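Trainee: Listed in order, the protein sequences are those of chains A, B and C.
Position 222 of the first sequence, counted from 1, bears residue number 392 in the numbering used here, the numbering being contiguous throughout.
Position 11 of the second sequence, counted from 1, bears residue number 18 in the numbering used here, the numbering being contiguous throughout.
Position 196 of the third sequence, counted from 1, bears residue number 1457 in the numbering used here, the numbering being contiguous throughout.
Keep in mind the hints are simulated off the structure, nothing from the lab.
A hint or two may mislead.
In silico DSS-like pairs for lysine-lysine, Cα to Cα no more than 27 Å straight-line [as the list claims (entries may be wrong)]: (1) C:K1365 with C:K1431; (2) A:K447 with A:K218; (3) C:K1431 with A:K532; (4) C:K1396 with C:K1411; (5) A:K356 with C:K1414; (6) B:K196 with A:K205; (7) C:K1389 with A:K356; (8) C:K1465 with A:K532; (9) C:K1633 with A:K447; (10) A:K356 with A:K330; (11) A:K205 with A:K218.
Remember, predicted model here, so these are calculated numbers, not experimental data.
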Amino acid sequence: MKSKVTALAISAALVAPSAFAQEMTIVSWGGSYSKSQQLAYHEPYTAKTGITIINDDSSAEAVAKIRAMNEAGNVTWDVVDVVASDAMRLCDEGLAEELDHDAVLAAAPDGTSATEDFGDLIVSDCFVPQIVYSTTFGYRTDMVGDTPPSSICDVFDLEKYPGKRSLQKRPIDNMEWALYCDGVAKEDIYDVLGTPEGVERGLAKLDTIKDSVVWWTAGAETPQLLADGEVVMGSTFNGRLFSAIAEQGQPIGMLWDMQSFDLDGWIIPAGLSDERKQRALEYLFFATDTQRLADQAKYISYGPARKSSAPLVGKHASLGIDMAPHMPTDPANAGNVHIYDYEWWADNRDDLDAKFQAWLAK
Amino acid sequence: MAALTPISRKPMSLVLPTIAAAGGFLGIFVGASNGSTLMGLVIGAVVVAALGLFFIGVLKNEQLSKWISIVLVAVAGFVLGGIPGFILGAIFGWFFHWFTYWLYEGRYRARLLPYLTPGQVLWHYSFLVICGAIFVFLITPILVVMPLSFNAQDFFTFTPEMLRFDPEGYSLKHYRDFFTNNEWQRSFKNSLLIAPIATVISVSLGTLAAIGLSQSHVPGRRAIMAILISPMIVPLIISATGMFFFYSDIGNWLEGTLGLPKTFVGYVKVVLAHAVLGIPFVIITVTATLVGFDRSLTRAAANMGANPVTTFFRVQMPLILPGVISGGLFAFITSFDEVVVVLFIGSASQKTLPWQMFTGLREQISPTILAVATILVVISIALLTTVELLRRRSERLRGMSPS
Amino acid sequence: MSDTTQSGPVLAADGTPLKRSLNRALRLQKMRALALIAPLLLFVLLTFIIPIGQMLFRSVENDIVATTLPRTVVALQSWDAASGVAPDEAVYTALAADLHDAAKAKTHTRVGSRLNYETPGISSLFRKAGRKAKKWDVEADGPFKEQFIKIAKGWGDPDVWRTIQTYSPKYTNGYFLNAADMQKGADGAEIRPESERIYITLFKRTLIMSLIITGSCIVLAYPVAWILANLPAAKANLLMILVLLPFWTSLLVRTSAWKVMLQQQGVINDVLVWLGLVADDARLVMINNQLGTIIAMTHILLPFMILPMYSVMQTIQPTYLRAAKSMGATNWTAFWRVYFPLSVPGIGAGSILVFILSIGYYITPELVGGTKGVFISNRIAFHISSSLNWGLAAALGSILLAVVLILYWAYDKIVGIDNVKLG
């Protein structure tokens, strides 16, 4: 048995090197999101360069795994898709490569530099933005009567909309919404939240609906709860709601008020060999150009991160409906948005999380 | 024994009140869903008692009365609750008829010891009902999953179409997805590759060690036992991160120094990690079997000139085989159902079935998971039945009376 | 050997003294036993115990501050944290030099996120200061105190400096204090404010709920194991399939199945409403709370209780019960005084398995536990994969492991681990 294994290993070793050079591992979230990347980025890239792309659906564990890989000195990933806050965390820990965006990314077709095209969305030196998504609310159209909810504060109104709501099991977004509905002006939210009294005030507001909340941790939970009629309304990523409404035909409506914008994008893990880093950069140059970002929007309702991509967004690849009105960035949807402060959360996340968890356990 | 137990007809004074009580109990549910609980109770009791009296006292034909009972209650069920009511009604009609005759003919005594008191008989059957309820608890979640895997929608929800038994509500698309989707196929193959190899490693090493541990003079036995069982007691998430570092180093060494290909090393890592997790189960089962092992058998074999290896394979192994097999099954299922460690240690090319299910539950609810589960349940029923048939055959061959 | 004299040593067949011969045989036996155990022991030690040990060691390890900021740590030693004022220029100069080097090596932000676990806000202080410090010429650009405070006000805050000073040593008990809801205050360890206390609650809840789950497993498994052990083998094996089927079914699937069953629009509630036992607007809440976790985990762990009980009960002779009854014992006495004591090892084995397994569970509580039904392992998993606070995760894990080891030890003393049977 042993000799067989060795023989197998040796024969495999002989064919390995040539194959290895043409492979790269790209990590993402799995599900329909990975599929959209596969269609919009990976397949054209393989067609162009002949490099095989291996998908690894590990983004949910990305931060921990990248740190472990880095410490073990064996980074096996080439490009990783993470949310902006994770990118900052990885950058802070020195686990992601810092990039000079103008040097490594394509300029817009009209020559606008990459930094200008992405604008504020480059929230960290390590981060190449890819999409703008939002955490927002969906509600059961058949359970809200004749007046569907129109304001985020309807979530906190148990009298008008009795029934359960689903919220994400973390302080981010929930605390801001609670303070906003408790009468804090949008621009003051973080000043208030920075004080112990502000935290208490936010939690007190959440307390009013605590018994009616189902807390979720995975993005697929809210659509399931809505489909079951288990909750009247619930927050989740807008793409999930889009697919429940448009692809599955569920009786669900969108509540865009105070949707919380967030970013998702690429990082290159620190500690790659020069050759692999070069290859990863070449992939990023290709996958984040104006056309590619617009292409992704054909398959999933997330907004491209480049300003220059917005006019190129077309119709859904299989349903044939216009995608623009389903984008969180569409002017009709983006009337009142919440943009969360990455820097503030990077500083206060651990502290607030402890308080939030203690509150939940009470 | 059964022949000794006298079976005699029971008086109406026992049969009628009992079936009336049962009918009343069911009537409560029917009544409650139709408005009046009390009415349901009374009507149920009266109807069932009247039917019983009619069957036993007037009709006196068991076969005929069975069909009358089934059809009658089924029609009543249809009037009250449509097709589901019809099916339930037929079942209850059959049940009441059976129950009436079971009591009346005294069949409930048939398989019991003749000297039991009525109280003991009652307890005996209540106990069986309790056990039945626990088996229902064990199996219902799996039965619930099966119809959902034919859901036409991408949710874990019984849609109104499904409840109406409308063919529109059912589809095989999730099965199609499982068989055509590369990700599912690859992860299924990976699981089928990783779990058996990990099982073989943990069973072979574990059995050897268990035999060593069962010898009479082992220094530091308790400490060794604690170490060998530790993979079961350390919280998995801690094991996963801890092992990650170790296996990265091993992986670097295998790839760097020995020049082995990346994918192969990836499999080795996952297999070894799963083997460690399976070891406690093998150790525990095999040691337990060895406790009852008669040591004079090995001595007898040695006396007759068998060397230790022959003794092991010809004498010891066949006798401890049941323990080894059940330990192996535990080890197999540990690897086949393990998600936390493989998430950390594995990379994309070693994605196993539980990993794929985990992403499936988290990123996009997809009943494909349920389809996979249904397929696995069917496979395991087939396997378990085969094992049971083989066991009976080998018992016959060994000349043991089938117990 | 009957002819050996009374005074001389007893000799074996080959002429060596019997004692020595026996000793040698014993030694040989020991060696053989150890040789059989050795491969596995080495395998487990190497691939499991050492890695886990290293992981748990992170709960006290804290050399990041001293290695990244060596000069600052030395300069800070003379600063009195109780003075209430920020340290003087010398410390800032040392920090500037350290940060200059650290920013070039890109390690400054790591210290920032390490210290941010203790005092919120430090992370951004290091991030902001690092950006500037990279460009500084440490010899010429001083004095630095003003510059630091200009970059971010926090650099003038004595609390920040106290945190750096407190976490300068290479080893810390800080993570363990945190895991016990305490913190390092100005005068040593102190209890955290009530709004941040969580871990003791979670530990208690984990233990209590694991006990309840173990208890309900005993109650449900005992009759089933009894009936399996007392039926003829052919029937028992068929019923065994019912026990094993859920066992082979993926944990994730069974957990999802319980969600489908237990939720308010779920199967059980639907049936109850259909039967009219529950009003449509008063559906039972059975999930996203402790009840949900208990039901789902009892179901998942039940086979681990049934199988060991079954194998112990199989060895109990049914004649014992009849003997007891023939001597006049009532049913209950015969069961309670004869059968039950004989089945205790099975209960013990099953209980320890179920308890140990349930104490470390986290996927099922995460999915069905809501807020009040989650376990300490959920927090460990959170700190490992989201907050990256591995030191705290390791400390929590160490405490959990210690609890399990104590229980294991007690179990070994009382029942003996050999009596654990799985089937």
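Trainee: Which of the numbered hints above does this structure break?
Mentor: Going through the list in order, the structure violates hints 3 and 9 and respects the others.
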